[in-house]
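Visitor: Could you build all of it, start to finish, from the sequences and the hints given here?
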Amino acid sequence: MLEVVQEDHEFDLAGSARLDVLVSAIKPRQASQVVKDLSELLPLERAKLNHLKRIRSSQHPETGRLLQVLLSPPDMYHALDEAKRKEIVERYGLEPTVHAVPKLEPRTRAQFLSGGSAWPMIFHHSTSEEARRAARVIPEQDALDAIGFMRDALVDAETGRQQNGGRPTVGAVLVDPLGGCGGRRGRVVATASRERQKVRDEEPASMRDHPLHHAVMLCVQGVGRALAAGSRQEKVARKQEEDSAGGKLGKEREGKGSESLCSDADPPGGVVEVLSPEQYLCTGFDLYVTREPCLMCAMALVHSRVRRVIYGVRDTERGCLGSVTMLHTLTSLNHNYRVFEGVCADECRQSLSDRESKHAAVLP
Amino acid sequence: MASDGGVASSDEQNAVYMRLALKEAEMALSKGEVPVGCVVVHKPTARIISCGHNETSEAFNATRHAELVAIDGILRAQTDLSLLRECDLFVTCEPCIMCAAALRDVKIKTVVFGCSNDRFGGCGSVLSVHDGSLPISGHTYPCHSGLLADEAIALFKQFYSRQNVKAPEPKRRKMGRQEQPRAETR
Ligand SMILES: [Zn+2]
Ligand SMILES: [Zn+2]
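Here the protein sequences come in this chain order: A and B.
For the first sequence, the positions run 1 to 364 when the UniProt record's numbering is used.
For the second sequence, the positions run 1 to 186 when the UniProt record's numbering is used.
In short, the hints are calculated from the structure, not lab data.
A few of these clues could be false.
[Said to hold, decoys possible] To give a feel for the contact side, a few chain B residues facing chain A, derived at Cβ under 10 angstroms:
id : residue
1  : Ala59
2  : Ala62
3  : Leu68
4  : Ile74
5  : Cys96
6  : Ala102
7  : Phe120
8  : Ile136
9  : Ser137
10 : Tyr160
[What the hints assert, rightly or not] The following residues of chain B were derived to be distant from chain A, with all beta-carbon distances above 10 angstroms:
id : residue
11 : Ile48
12 : Thr110
13 : Asp131
14 : Gln163
[What the hints assert, rightly or not] Quick list of simulated restraints, FRET-style, between CB atoms:
id : chain 1 : residue 1 : chain 2 : residue 2 : range
15 : B       : Gln163    : A       : His78     : 33 to 39 angstroms
16 : B       : Pro44     : A       : Glu273    : 41 to 47 angstroms
17 : B       : Thr45     : A       : Arg355    : 41 to 47 angstroms
18 : A       : Pro204    : B       : Ala15     : 30 to 36 angstroms
19 : B       : Ala154    : A       : Leu80     : 21 to 27 angstroms
20 : B       : Arg19     : A       : Leu80     : 42 to 48 angstroms
21 : B       : Leu20     : A       : Ser57     : 53 to 59 angstroms
22 : B       : Ala15     : A       : Ala143    : 52 to 58 angstroms
23 : A       : Arg46     : B       : Thr45     : 37 to 43 angstroms
Quick reminder that beta carbons are idealized off the backbone N, C-alpha and C, glycines included.
Guide: Below is the structure:
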């Protein structure tokens with residue numbers, strides 16, 4: 001079980017990490033007013049440059065202290081309303097010149113230091129890769145649990161193969177790591193094959209071979225279904241309380257809702273049908289999938305706020321959590337999950353192989 | 001990056017389609033959903049074959065974006081998805097990375113969108129999924145941006161001002177914030 005992380009390297013300011021922007025010298029006493037005006041006229045976040053500071057202060061060998069202000073990338077500056085641009089240029093005596101700065105947010109100390117020589121940057125330690133690397137060592141028990149749940153994903157893949165006329169099918173399960181019962185840490189809250197069966201049972205036949213019903217999408221849909229069921233149940237219960245006019249009863253029930261997620265009604269070793277509406281989307285859940293997810297699925301998991309994604313083998317052609325790209329390292333997204341690979345890799349490879357060698361490709 | 005222009009021949013017709021997409025977005029807004037809507041137009045016949053709006057809250061599923069809802073609608077109507085090769089999608093907000101990838105998979109002909117999606121946009125804003133910048137093989141499609149963008153943004157502003165009014169409601173946590181564009185986008 002290996003975490004999929006980006007390589008640590010310095011910013012290549014002569015190459016891909018370079019962005020040309022306009023800067024200008026200013027007088028020290030103008031600094032705070034310039035910063036204020038520019039935050040309205042040319043906000044750094046609009047130029048996706050909020051990792052850079054607005055002002056750079058340096059020592060000039062001849063003239064002493066030099067204060068420079070970062071305006072914006074040239075296209076943004078020139079797109080500014082003519083009158084407004086003139087006004088600010090005249091007010092502060094700006095003389096814009098081109099300067100190379102790091103295009104991206106620093107993720108490591110090495111990047112922070114190498115980029116900082118070009119322009120001062122802001123370094124968010126909490127999201128930095130170093131911080132994540134420190135926490136990268138997975139407790140042994142977690143790794144053992146992961147094998148157990150990947151076996152569940154392999155069972156799901158086998159069920160999928162049967163559902164799909166023998167065609168190799170990716171298997172996936174969503175797991176609530178805190179919802180364990182019966183000696184097992186965590187419990188499966190959705191499987192792709194169960195949701196696939198639901199679609200077959202409840203939807204028109206034309207939805208049967210939906211090209212976007214990848215195993216991951218089906219799992220997310222399964223959680224949605226269980227949450228909707230939970231919400232309906234809660235509404236019914238609330239209605240009953242209101243009908244019996246019991247303010248006391250209401251309080252009692254509230255306490256119940258936050259009790260252990262495990263109930264006797266859950267089938268042993270099976271999947272839950274109902275999730276408490278207290279649960280927000282897939283927050284805190286871990287997704288186990290036999291093959292690296294594609295871009296659509298990887299982004300669906302961002303939207304769904306999962307905690308971790310654990311996959312068996314890579315998909316070098318379409319996988320977007322390590323192979324083609326690493327969506328999970330895109331810090332501009334509002335949510336990032338951690339990704340691990342290589343759990344039960346041999347079994348997953350076996351599961352994805354075409355035993356009858358008559359099928360075109362694996363069903364995603 | 002999404003390109004402007006190239007739709008000049010049918011600008012007015014396109015605006016008609018986008019207004020229908022905006023109507024869908026308004027329906028989402030009225031249900032408390034993030035206001036994004038879309039219509040799928042079969043170009044050769046000028047027929048609208050599907051429409052949809054965001055229903056992430058209703059479905060407890062953050063993937064129920066307007067685009068995916070509309071694709072489901074096509075299948076439910078027993079129509080073959082291969083028809084999408086001749087279809088344009090009109091959507092009020094730039095498709096997110098997930099939808100942009102899905103639209104490649106189903107081989108949409110063209111996408112026309114209103115405002116940009118600075119946080120999740122997959123057609124130029126965060127990633128360029130539509131045009132094959134990423135080394136992923138398969139169908140790609142052109143994008144045209146900015147059509148009636150102000151109206152799409154106005155709906156978002158309404159949505160977020162309403163959200164703030166009923167803020168002290170702990171359970172409805174920012175459901176579906178995924179498609180929030182910044183009002184200052186254009
Ligand atoms: Zn996928
Ligand atoms: Zn989307």
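Visitor: Compare the structure with each hint and give your call.
Guide: Each hint tested on the structure:
The interface hint given for Ala59/B is met, as the beta carbon of that residue sits about 5 angstroms from the closest beta carbon of chain A, less than 10 angstroms. Using the Cβ-Cβ criterion of 10 angstroms, the hint placing Ala62/B at the interface with chain A is satisfied: the shortest such distance is roughly 4 angstroms. At its closest, the beta carbon of Leu68/B sits 7 angstroms from a beta carbon of chain A; the interface hint therefore holds under the 10 angstroms criterion. About 9 angstroms separates the beta-carbon of Ile74/B from the nearest beta-carbon of chain A, less than 10 angstroms, and the hint is met.
For Cys96/B, the suggested interface contact is upheld, since its CB lies about 7 angstroms from the closest CB of chain A, less than 10 angstroms. A hinted interface residue such as Ala102/B counts as satisfied when its beta carbon comes closer than 10 angstroms to some beta carbon of chain A; here the least separation is about 5 angstroms, so the hint holds. Taking 10 angstroms as the C-beta contact cut-off toward chain A, the hint placing Phe120/B at the interface holds, the least distance being around 7 angstroms. A cut of 10 angstroms between beta carbons decides the hint on Ile136/B: the least distance to chain A is about 6 angstroms, and the hint holds.
Evaluation of the Ser137/B hint against chain A yields a held restraint, the C-beta minimum of about 7 angstroms falling below 10 angstroms. Annotation: Tyr160/B was flagged as interfacial toward chain A, and the flag is violated, the nearest CB pair being 15 angstroms apart, outside 10 angstroms. The Cβ of Ile48/B lies farther than 10 angstroms from every Cβ of chain A, with a closest approach of about 19 angstroms, so its non-interface assignment holds. The non-interface label for Thr110/B is consistent with chain A: the shortest C-beta to C-beta separation is roughly 19 angstroms, beyond 10 angstroms.
Every Cβ of chain A is farther than 10 angstroms from the Cβ of Asp131/B; the closest lies at roughly 14 angstroms, confirming the non-interface assignment. For Gln163/B, the non-interface assignment is confirmed: its Cβ lies about 15 angstroms from the closest Cβ of chain A, beyond the 10 angstroms cut-off. Between Gln163/B and His78/A the C-beta distance comes to about 36 angstroms, which sits within the given range of 33 to 39 angstroms. A hinted range of 41 to 47 angstroms for the beta carbons of Pro44/B and Glu273/A is consistent with their spacing of about 45 angstroms.
Range check, Thr45/B to Arg355/A: Cβ separation about 45 angstroms, and the 41 to 47 angstroms hint holds. Distance hint check: the CB atoms of Pro204/A and Ala15/B are about 34 angstroms apart, consistent with the given range 30 to 36 angstroms. Between Ala154/B and Leu80/A the beta carbon distance is about 24 angstroms. The supplied range of 21 to 27 angstroms therefore holds. Under the hint 42 to 48 angstroms, the C-beta atoms of Arg19/B and Leu80/A, about 31 angstroms apart, miss the expected range.
Range check, Leu20/B to Ser57/A: Cβ separation about 54 angstroms, and the 53 to 59 angstroms hint holds. In this structure the supplied range 52 to 58 angstroms holds for Ala15/B paired with Ala143/A, their Cβ-Cβ distance being about 56 angstroms. Checking the proposed 37 to 43 angstroms range against Arg46/A and Thr45/B shows it holds: the Cβ atoms sit about 41 angstroms from each other.
Hints 10 and 20 from the earlier list are contradicted by this structure; the remaining hints agree with it.
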